Structures are given as C-alpha cells and as structure tokens.
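As given, the protein sequences belong to chains L and E, one line each in that order.
Per my numbering, residue 1 is the first one in the first sequence, and the count goes up by one each step.
Per my numbering, residue 1 is the first one in the second sequence, and the count goes up by one each step.
Hints in this document: simulated from the structure, not taken from any laboratory.
Some clues are possibly wrong.
To be verified - Pairs of lysine-lysine, DSBU-like flavour, derived with a Cα cap of 30 Å:
1) E:LYS209 - E:LYS307
2) L:LYS147 - E:LYS55
3) E:LYS183 - E:LYS212
4) L:LYS147 - E:LYS301
5) L:LYS131 - L:LYS180
6) L:LYS131 - L:LYS35
7) L:LYS131 - E:LYS307
8) E:LYS3 - E:LYS274
9) E:LYS141 - E:LYS31
10) E:LYS183 - L:LYS133
11) L:LYS147 - L:LYS112
12) L:LYS132 - L:LYS35
13) E:LYS3 - E:LYS212
14) L:LYS35 - E:LYS183
15) L:LYS147 - L:LYS131
16) E:LYS62 - L:LYS35
17) E:LYS307 - E:LYS287
18) L:LYS55 - L:LYS112
19) L:LYS132 - E:LYS55
20) L:LYS55 - L:LYS35
21) E:LYS55 - E:LYS31
Computed from a predicted model, the values in this text were never measured in an experiment.
Okay, here's what each chain looks like letter by letter:
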Amino acid sequence: MEIIVEGPESFANESYSLLLERTLVDMGITTSIDKVKMIIRPAEPLFIISIRMRKAGGSRMVSEISTIEEREGGTFISIIDENYAPRLLSLLWRTFGRERIEQITRLEIFAKGMTAGDIESLRLDPEEELKKKLLDAVWRLLPEGFKVRQEEASEIAMTITATERTLTPEQIALGASTQKEMEAL
Amino acid sequence: MYKVLLFDGGVYRINELYELIEDIGGFVIQKTTIQVMITVTMAIPEEDQPIIEAKSRELGAKLVDVPLAGTEIVVVGPTLGRHHMPHPICDIAEQLRRYGAITVVMGLARGKGRATAQITADERAIIDEYDAAVFVLGNFKDCIINDKVRLFQDISVPVTVVCGPDIPGLPNCEALVSGVGRKVERMRRAEEIEKLEEVSTAVDMTIGKRRKEIDEDPLFVHPSEIKERLEQIQAVSESLRPAPIVLHLDGLRVKVPFEEYGNQIAELEVYGRKLGDIARITGSRMKGSTLIRIMTECEVKARDSIKH
Numbered sequence: 001m002e003i004i005v006e007g008p009e010s011f012a013n014e015s016y017s018l019l020l021e022r023t024l025v026d027m028g029i030t031t032s033i034d035k036v037k038m039i040i041r042p043a044e045p046l047f048i049i050s051i052r053m054r055k056a057g058g059s060r061m062v063s064e065i066s067t068i069e070e071r072e073g074g075t076f077i078s079i080i081d082e083n084y085a086p087r088l089l090s091l092l093w094r095t096f097g098r099e100r101i102e103q104i105t106r107l108e109i110f111a112k113g114m115t116a117g118d119i120e121s122l123r124l125d126p127e128e129e130l131k132k133k134l135l136d137a138v139w140r141l142l143p144e145g146f147k148v149r150q151e152e153a154s155e156i157a158m159t160i161t162a163t164e165r166t167l168t169p170e171q172i173a174l175g176a177s178t179q180k181e182m183e184a185l
Numbered sequence: 001m002y003k004v005l006l007f008d009g010g011v012y013r014i015n016e017l018y019e020l021i022e023d024i025g026g027f028v029i030q031k032t033t034i035q036v037m038i039t040v041t042m043a044i045p046e047e048d049q050p051i052i053e054a055k056s057r058e059l060g061a062k063l064v065d066v067p068l069a070g071t072e073i074v075v076v077g078p079t080l081g082r083h084h085m086p087h088p089i090c091d092i093a094e095q096l097r098r099y100g101a102i103t104v105v106m107g108l109a110r111g112k113g114r115a116t117a118q119i120t121a122d123e124r125a126i127i128d129e130y131d132a133a134v135f136v137l138g139n140f141k142d143c144i145i146n147d148k149v150r151l152f153q154d155i156s157v158p159v160t161v162v163c164g165p166d167i168p169g170l171p172n173c174e175a176l177v178s179g180v181g182r183k184v185e186r187m188r189r190a191e192e193i194e195k196l197e198e199v200s201t202a203v204d205m206t207i208g209k210r211r212k213e214i215d216e217d218p219l220f221v222h223p224s225e226i227k228e229r230l231e232q233i234q235a236v237s238e239s240l241r242p243a244p245i246v247l248h249l250d251g252l253r254v255k256v257p258f259e260e261y262g263n264q265i266a267e268l269e270v271y272g273r274k275l276g277d278i279a280r281i282t283g284s285r286m287k288g289s290t291l292i293r294i295m296t297e298c299e300v301k302a303r304d305s306i307k308h
C-alpha cells in the first residue's frame, strides 16, 4: 500500500499518513488497498482523501465456497474456503434469521428447514463490505469539523473532498481530478 | 512552602509518622489502608523533608514525591468525538493522576473545526473552577495558531497546551508541549512515555508558580485543615461519590449540594472563626458540588478592620 500526502505542514502530513495506516491495520483492510492520496490544505481549509482499492475477489456463489447437502430437517453446509466463513454466517443470519442457523463447528453450519436450493442461490459480495469498511476508516480519519463533504466513487476508487466552509468549484474540481487520477492508475 | 509526599509502607508504628507530621506543622491529605499496608499523602514544610525521609527509612517504607497532590486538574479536548478522545487525552489525565493530581476530562460542545471552534462562557466558568487546565489539540499548526488559541484566551487558571506540530510559543498559555497530536492508540512507546513525562513536568511547573504566588500572600488556613472539619458533616462522611472532598491549591471542592449544605459548611468553626467568614463558599457549576475558596490572611485582616 502506498500513501501520498500533499500539504504544507510536514508534521501533519506524516501524522495523517501514520493515522491512516494504524486505522486500516485496526480494521484489517490494509491488503485491500492499492494506493491512497491525501491533499491537506489547512489554510483553506480543505481535506481530500482518495483511495484506490484492490480487486476484492468479486461476488461468489455460496456453492463455490462450500459443499451443500440436504438432510432431514434442513441443509448441511460445510465451508471449503474459510476466508468466507464469517461473511457466509452473517449472510445466512441476515437472510434466514438466527434461530434457523446453527453453527455446529467453525466450518460447519446447519440451516433448519431450508432446502439446498435456497442456499445455493445466495451470493457473497465482498466489495460492498470493503467499501463500507473503507468509508468507516475515512470518517475516522477526516478532521471532525470538516462536515461539508463531496464524494465520488467508482468500482475501483473513491474520493472524499471535505471542508468546514462551502465547497468552492475549484475544490470540487480538484476532488474530481484526483478521483480520475486514481482511476487511471 | 509545603511539599507533598506519598508514604507507602506498613501500618506498624504509623502513629509515629502522624505525630511527626503534626510536630513539624504538616498535614495528612489522604490515607488509604489496604490490610496491613498504608499509603499516606502528606503536605509538609519543604525544609523538613529530610526528617520525614529518615522516619520513612526507619519504618521501612518508600517515600514518593507527588508534586501534583492536592490539586484538581481538568484535561480539555475540543470534543468528545473519537477524533479527539480517548487518546491521548486519557493518557495525559492518567499521567497527571500518577503525579498525585485528581483529574477530570472534559470535551467542549463546539470545539471542533477551525473557524467554527468555540467555547461557551459556561465551559470557561467550569474550567476556572480547577487549579490548572490542559488543552489537548491536534496536528495542524496553521489551525492552532490562528483559530484554536481562541479556546483558552479568557481562562483565568494556568493553561498548558499539548499539540502535535512544533510551535515556538502561543499566547494565553503558560506552557506548551508539542509532538503529541492526534493518536489512534495508547501512548506506550518509550518516546511517547517521555512526552507524557514532559506534559506532567510542564503542568507541575505551572502549579509550582501558582503555589509560589499563594505563598507570597498565604491563605488564612491550609485547605487540609478544613478537610478534617468538613468530614464532621454527616452528608460528607457518608458520601459515596469518589473523593467526596477534593483539595485545591486555594480551597476545596466538597461533593454535597450547596443549596442544602451551604449554610452548614459556612457555620463550621476554624480557629475560633466561622468558615463562612474566612472563605468564599459558592455552588459549583458541576451539579451537586460546593466550592470553598479560602481567603488570604491579608483579606481576612482587611475584612476584620472594616468590621471594627
């Protein structure tokens, strides 16, 4: 992961780079980020953060990451790729409710009253989750008073331009050009 | 001038220590007994420290210097949001506690941002109730120099500013410690612990100055002496609040409501006078507390001469 900080104050630049690094480590998403660029202008004031993400692996069917077997009273799921275990469990809880999903062991789940067809059709979308985590990291990082924000997002990059006054057309344009720059990498 | 020390030892022959403190004209500020062990915080005349040191050695106890004991210090952050709290504000508060101070952490309601950062008159009045204030600010030099200085410009107690960037000096504050700034984790590395030491030394310096000022025109009685008398009030001795009586440099905070107990406190007898005659007793901005500010000897004399 590469972090670039542009700003007039060396202490603030180093400090924000470190703050971001620590926040991402805390959230466990360092490996999902390719490059981060921050433009900090305390005098205006303006804070732009642009993040280019790595491919999160795309959306996957539940049947691709686990074996599904219909049994009496429900369906037995055995997870093959354990990276997806927590996400699959929370997806099942969200879709069918906690009372129907029983986690037997770390990688074995029994879905009461469900058919194999119900479960096979489910999809896991890691990108959506990554974006949510990234946004959370950005909210933690942005100076608290900078409540006026403009966001730009695409499949691979997101940029947030923030200030505490009204955003000027120049600031919005700078945010947009930073977003393009990150997309073009 | 009084020096505050912490005696950490056993209860065996502890009465000899109490008698010695009394003989040299010192006060016991706080006693905490845990089974057969005891810690005693005391204020003694500075020149008599060797006598107490010798006694502590004789009793097999440790004597620790707690320069901030007998003070209440507020650590202020621009807001209570996670951008400013809990790191490093709590670390600084904890560090000051280790030096003997009672600390309170406070977040301003509208302290965030640059141009929008502000402090209300109420918040200022609350800060002025303490012996010293520590303002913990962020990473931007431009922001601190031009905008954040407003937050502590009319505070009457000594202010120490802790911030990130290296700034040669700031108006409206007595001490400045840079190199801290925003943190997302506890300050536990060697260089961070050194910074915390630097903060406590700076606060100690401001408190020391204030102590010297008070010594030039001494208080009519030392706050510790009033503490003993306040403990006679049932509501105080039975109070379940942590530290129901807090010592200040120039008085005390008693955690009972002024409206209910103000008169009773004012009637307490101190050296043949009523406490109300030698101290200003007011309600605190912190609900359910009473503030006692002891007058100086000169003030009491001046009041006496007006009366006669």
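Evaluated hints:
no.: 1; hint: E:LYS209 - E:LYS307; verdict: violated, 33 Å
no.: 2; hint: L:LYS147 - E:LYS55; verdict: violated, 61 Å
no.: 3; hint: E:LYS183 - E:LYS212; verdict: violated, 35 Å
no.: 4; hint: L:LYS147 - E:LYS301; verdict: violated, 56 Å
no.: 5; hint: L:LYS131 - L:LYS180; verdict: holds, 18 Å
no.: 6; hint: L:LYS131 - L:LYS35; verdict: holds, 15 Å
no.: 7; hint: L:LYS131 - E:LYS307; verdict: violated, 75 Å
no.: 8; hint: E:LYS3 - E:LYS274; verdict: holds, 28 Å
no.: 9; hint: E:LYS141 - E:LYS31; verdict: violated, 44 Å
no.: 10; hint: E:LYS183 - L:LYS133; verdict: holds, 20 Å
no.: 11; hint: L:LYS147 - L:LYS112; verdict: violated, 46 Å
no.: 12; hint: L:LYS132 - L:LYS35; verdict: holds, 17 Å
no.: 13; hint: E:LYS3 - E:LYS212; verdict: holds, 12 Å
no.: 14; hint: L:LYS35 - E:LYS183; verdict: holds, 22 Å
no.: 15; hint: L:LYS147 - L:LYS131; verdict: holds, 20 Å
no.: 16; hint: E:LYS62 - L:LYS35; verdict: violated, 55 Å
no.: 17; hint: E:LYS307 - E:LYS287; verdict: violated, 34 Å
no.: 18; hint: L:LYS55 - L:LYS112; verdict: violated, 34 Å
no.: 19; hint: L:LYS132 - E:LYS55; verdict: violated, 64 Å
no.: 20; hint: L:LYS55 - L:LYS35; verdict: holds, 13 Å
no.: 21; hint: E:LYS55 - E:LYS31; verdict: holds, 17 Å
Hints 1, 2, 3, 4, 7, 9, 11, 16, 17, 18 and 19 from the list above are not met by this structure, while the remaining hints are.
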